[in-house]
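Please take these sequences and the hints and turn them into a complete structure.
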Amino acid sequence: MSFTLAHGSVPPMVTPMTEDAASIDRDGIAALVEWHIEAGTTGLFVVCSTGEMFALSQDEMVEIVEAAVISADGRIPIIAGLPFPDVNRKAEIAKRYETVGVDGGVALQPFESPADNDTMYEHYARLADEVKIPLFIYEHPKWQSTHLLTPTLVGRLVANGQYVGMKDCTGDLSRLVAMADVSEGQFGVMQAVQERLLPSLVCGATGVCATASNAYPHLYRRLYDTFQAGDTQKAYKLQNTMRVLLNMYKASSGPKHILNRLGLPISTAARHTREITEEQDQATNMLVAFVKEELSGK
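Numbered according to our numbering, the sequence shown spans residues 4 to 301.
Just so you know, the hints here were simulated from the structure itself, not pulled from any lab data.
Hints should not be assumed to be uniformly reliable.
[Unchecked claim] With a straight-line cut-off of 27 Å between C-alpha atoms, the simulated DSS-like cross-links for lysine-lysine are: (1) K240 - K253; (2) K240 - K295; (3) K295 - K253; (4) K237 - K253; (5) K295 - K237; (6) K98 - K135.
Pasting the structure below:
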C-alpha cells in the first residue's frame with residue numbers, strides 16, 4: 004500500500020464491545036467492516052478517537068487491528084492509530100500491528116508539541132526508522148497546545164518517503180492549500196471537519212475521515228465520487244444534505260446507538276458512557292429513519 008491509502012472516504016471506525024464493555028466484540032468488528040465495504044468505503048481507520056483509543060489496552064488495540072484486517076481480507080486497507088505521545092511507545096505498538104497485517108499507522112502528534120520544525124521532524128523521522136509500514140500524522144487542535152504541522156514540515160515528511168498523509172482536524176483551508184502545494188501529489192490530506200468536506204476537496208484534500216461516516220458511509224463516498232466526476236453542483240447539494248444530517252448527528256446519542264438501530268449486530272456499550280437524554284433519543288430516531296429511507300432508495 005502507498006499514497007492510495009489516503010484517498011476517498013476513510014471513516015474513523017467505532018470499536019464494538021461486549022454488552023458490559025469489558026471486551027472487544029470481534030464479530031461486531033466483522034459486521035462493521037462488511038457494512039463499510041458494501042457502502043463503498045475506501046479504507047478504515049481503527050484505534051482512533053471515535054474508537055475510544057485512550058480507553059484501550061495495547062493488547063486490545065492489536066486485537067482490534069487483527070480482527071479488522073482478517074475481516075477486510077485485502078479488500079480495503081486498514082490503518083490504525085498509534086495513540087501515544089512518546090515515539091518509543093508509538094514504535095512498539097506499530098511493530099505489533101505489523102505482525103497482524105496492518106496497512107498503515109496513524110501517529111498521534113505529541114500533546115505538548117515542540118515549537119520548531121526540526122525537533123518535530125526528528126520525532127517523526129525516528130518513528131519512520133523503527134517501522135516498515137506507511138505512516139500518517141494525526142493532529143488535533145484540542146490536543147496539541149503548541150505546534151501544528153506546517154507546510155515546511157510536511158515537505159520534509161514527504162521527502163522522508165514513509166509518510167503518506169495526515170488527518171486534518173483544523174479545517175484551515177489556507178493551510179490545506181499550502182500543504183497540497185508542497186506535497187507534489189505524494190501526501191494525502193484527509194479532512195475531518197465535516198462542515199468543510201467539499202471546500203477541502205476543492206482546495207486539495209484527497210479524501211474525508213469524518214466521524215459521522217460511521218452512520219451513513221455511502222453518502223461520504225458519494226460526495227467524494229461526485230466531486231471527482233466534476234459535478235460540483237450535485238456535490239454542493241449533497242454537502243448541504245449532509246450538513247442537515249450532521250446537525251441531527253451532533254444532537255444524537257452517538258454512532259453506536261445509530262448503528263444498532265440501523266440493525267447492525269453491535270451493542271451500544273462504551274467505556275465512557277453517559278445517560279441518553281430524550282432529546283438525543285429523538286434525534287437518533289430521526290437520523291436512523293432518514294438513513295433507512297436513503298438506503299432503500301439508492
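Here's how the hints hold up against the structure:
Between the alpha carbons of K240 and K253 the distance comes to roughly 20 Å, so the proposed pair stays at or under 27 Å and holds. For the suggested pair K240 and K295, the alpha carbons sit about 19 Å apart, so the restraint of at most 27 Å is met. A threshold of 27 Å between alpha carbons decides the hint, and for K295 with K253 the separation of about 18 Å falls inside it, so the pair holds. Distance hint between K237 and K253 is fulfilled; the C-alpha atoms sit about 24 Å from each other, no more than 27 Å.
At most 27 Å may separate the alpha-carbon atoms for a hinted pair to count; K295 and K237 meet this at roughly 21 Å. Taking the CA atoms of K98 and K135, the gap is near 8 Å; set against the 27 Å cutoff, the hint holds.
In the structure shown, no violation is registered for any of the earlier numbered hints.
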